[in-house]
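Number of protein chains: 2
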Amino acid sequence: MCGLPSNVYLKEVGPRDGLQNEQKWISTEDKVTWINMLSKTGVSEIEYSSFVHPKMIPALKDAREVGKRINREKGVVYSALVPNMKGLEHALEAGIDGASVFMSASETHNLKNINKRIPETYPILTEVIKEAKNAGKIVTGYVSTVFDCPYEGRIAVEDVLSVCDQLIESGVDYLSLGDTIGTAVPTQVEKLLKGLFPYFPKDKLILHFHDTRGMAIANIMTALHMGITRFDSTIGGLGGCPYAPGAAGNVATNDVLYLLNGLGIETGINEKRIQEASIYIQNKLGKTLPSRSVAYLKNA
Amino acid sequence: MCGLPSNVYLKEVGPRDGLQNEQKWISTEDKVTWINMLSKTGVSEIEYSSFVHPKMIPALKDAREVGKRINREKGVVYSALVPNMKGLEHALEAGIDGASVFMSASETHNLKNINKRIPETYPILTEVIKEAKNAGKIVTGYVSTVFDCPYEGRIAVEDVLSVCDQLIESGVDYLSLGDTIGTAVPTQVEKLLKGLFPYFPKDKLILHFHDTRGMAIANIMTALHMGITRFDSTIGGLGGCPYAPGAAGNVATNDVLYLLNGLGIETGINEKRIQEASIYIQNKLGKTLPSRSVAYLKNA
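Protein sequence lines correspond, in order, to chains Z and D. 1 is the number of the first residue of the first sequence in UniProt numbering; add one for each residue after it. 1 is the number of the first residue of the second sequence in UniProt numbering; add one for each residue after it.
Rather than coming from a laboratory, the hints here were simulated on the basis of the structure. Keep in mind that a hint or two might mislead.
The list treats identical chains as interchangeable, and a pair is accepted whether it falls inside one copy or across any two copies.
To be verified - In silico DSS-like cross-links for lysine-lysine, where the CA-CA straight-line distance does not exceed 25 Å: (1) 298 to 130; (2) 130 to 86; (3) 40 to 202; (4) 204 to 287; (5) 204 to 194; (6) 133 to 24; (7) 191 to 24; (8) 202 to 55.
Sequences are here, hints too, so could you generate the full structure?
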């Protein structure tokens with residue numbers, strides 16, 4: 001445990017991780033309007049879509065058009081999920097500052113999610129990472145189920161370490177460690193980070209929490225105390241994971257922001273604009289978003 | 001920051017703090033059935049009702065009958081809120097192990113909540129505390145708005161200290177420090193506890209969080225690290241505060257339990273029975289309770 005950082009970098013993953021598991025189709029025009037609103041919030045990075053095959057995630061089948069139509073705000077990093085060379089090609093065409101590849105620390109989750117065993121996944125990602133780096137892009141490696149897997153249970157720190165090692169070896173700039181099913185408690189965060197710190201600089205590690213059991217804010221607090229300064233979050237807490245049964249959406253950007261503001265940690269984000277962007281997508285989805293802050297500020 | 005405690009004492013305040021702000025009337029029979037279910041969960045204490053004037057909190061106007069009809073489980077402490085001598089008389093008649101008096105660290109909140117200024121409140125409470133102690137009861141002093149007040153904003157640690165001092169002086173066994181409007185972040189918890197620790201033993205302090213902005217679990221985590229071992233919580237997170245606009249219910253017992261189980265901290269509580277008692281009251285209230293765990297386990 002050390003002091004708290006003075007600044008935090010928030011990556012808004014709502015347009016990707018949020019929307020990919022929502023049932024309701026959001027039109028390309030509404031997505032573009034919404035992402036343009038997000039661009040004005042002051043958030044550091046926006047993962048604006050996923051370039052996986054449209055059949056896999058129909059909700060994001062318009063990734064190319066979204067990428068071409070959104071306004072790029074100066075100072076905001078625009079990234080997208082890319083599963084393979086075809087996805088990267090489309091993403092580069094649509095315009096990205098960052099490419100995110102993904103795999104799982106759990107063999108079974110990896111198999112269910114991307115239909116490949118872990119060792120078979122490396123060569124594919126390595127090619128993508130290399131090509132993205134050649135194109136001058138920032139590359140993030142998402143590692144799913146770093147704490148618990150819905151199929152395998154508790155995941156050993158060594159398994160996470162091994163996947164992280166390979167990804168860094170392949171050239172990723174950042175590792176985003178995912179509590180995919182939202183089951184971790186702060187002592188698990190502490191244990192994992194202690195296991196990774198001897199091998200990776202803290203500023204290369206991003207934490208990505210889902211909030212299934214309401215533990216995400218406490219987990220972020222622990223990570224902040226341990227010197228982590230990058231987090232993924234989703235406006236209003238929308239989303240989930242189609243391949244992790246029962247999992248809820250990411251921790252809400254609104255709640256993370258409330259925490260960070262309260263702690264006096266700078267994010268550059270305007271809370272009012274976050275609320276406006278939350279209400280916009282809440283209305284489009286036609287359902288109440290899980291963030292307590294959205295409901296609170298709406299009724300205040 | 002120190003290690004984590006091995007045991008935690010949870011006081012279930014759902015039948016009092018939870019129900020007092022719910023609009024829907026729960027019949028005496030249903031309350032009794034529900035409290036009997038709570039008694040079988042393994043929770044350390046149940047605050048079963050409030051003996052304030054029925055006009056003030058109509059939802060709990062049957063406190064006397066509830067107290068007389070519930071089964072008393074061995075090892076469970078049954079307590080109730082008592083505002084004055086009349087309330088205490090009724091509570092003693094109905095049967096209590098513990099009496100809880102209450103006031104606010106904020107002058108304005110105290111005035112709005114109990115229609116008295118802080119200095120005028122002490123003599124009334126002192127008489128109740130003395131009488132309850134004479135009757136051999138455990139006495140807890142609730143101190144509301146210890147972090148922030150909806151009318152006065154940030155509350156100074158000195159103001160909390162002063163109220164706590166008077167209550168301890170008057171003979172209370174425990175102080176329950178309330179984040180009445182659920183706005184605190186972990187650094188506020190740390191600051192307040194550091195301010196109180198030189199004057200009061202840690203094991204006399206209870207923390208009572210509302211979860212308006214989703215910070216309660218992180219706040220509890222901080223308090224645990226600082227050696228606090230007693231917390232108030234409410235099944236499913238039901239409730240609120242009629243005199244603190246916008247405030248949400250207490251932190252959900254279900255979520256606290258998930259945290260504590262994950263940390264390996266013993267509570268003696270059976271998670272399945274907590275879920276059953278949550279579903280029971282959720283059905284009676286006819287609305288979804290805010291705890292993420294209730295929804296998660298119901299769908300699992």
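Please work out whether the CA atoms of residue 204 and residue 194 approach to 25 Å or closer within one copy, between two copies, in both situations, or in neither? within (14 Å within a copy, 34 Å between copies)
If the cut is 25 Å between Cα atoms, do residue 191 and residue 24 qualify within a copy, between copies, both or neither? neither (38 Å within a copy, 45 Å between copies)
Reference check for the pair residue 133 and residue 24, CA-CA at most 25 Å: within, between, both, or neither? neither (35 Å within a copy, 60 Å between copies)
Are the CA atoms of residue 204 and residue 287 at most 25 Å apart within a copy, between copies, both, or neither? Answer is neither; intra-copy 36 Å and inter-copy 44 Å both fail.
Between residue 202 and residue 55, at a C-alpha cutoff of 25 Å, which is it: within one copy, between copies, both, or neither? This pair counts as neither: shortest intra-copy Cα distance 37 Å, inter-copy 57 Å.
Reference check for the pair residue 298 and residue 130, CA-CA at most 25 Å: within, between, both, or neither? Cα proximity of residue 298 and residue 130: none, with 45 Å in one copy and 45 Å across.
Which holds for residue 40 with residue 202 at a C-alpha limit of 25 Å: within a copy, between copies, both or neither? For residue 40 and residue 202, the Cα distance exceeds 25 Å both inside one copy (28 Å) and across copies (46 Å).
Is it within, between, both, or neither for residue 130 and residue 86, if the alpha carbons may be no more than 25 Å apart? within (14 Å within a copy, 77 Å between copies)
Hints 1, 3, 4, 6, 7 and 8 from the list above are not met by this structure, while the remaining hints are.
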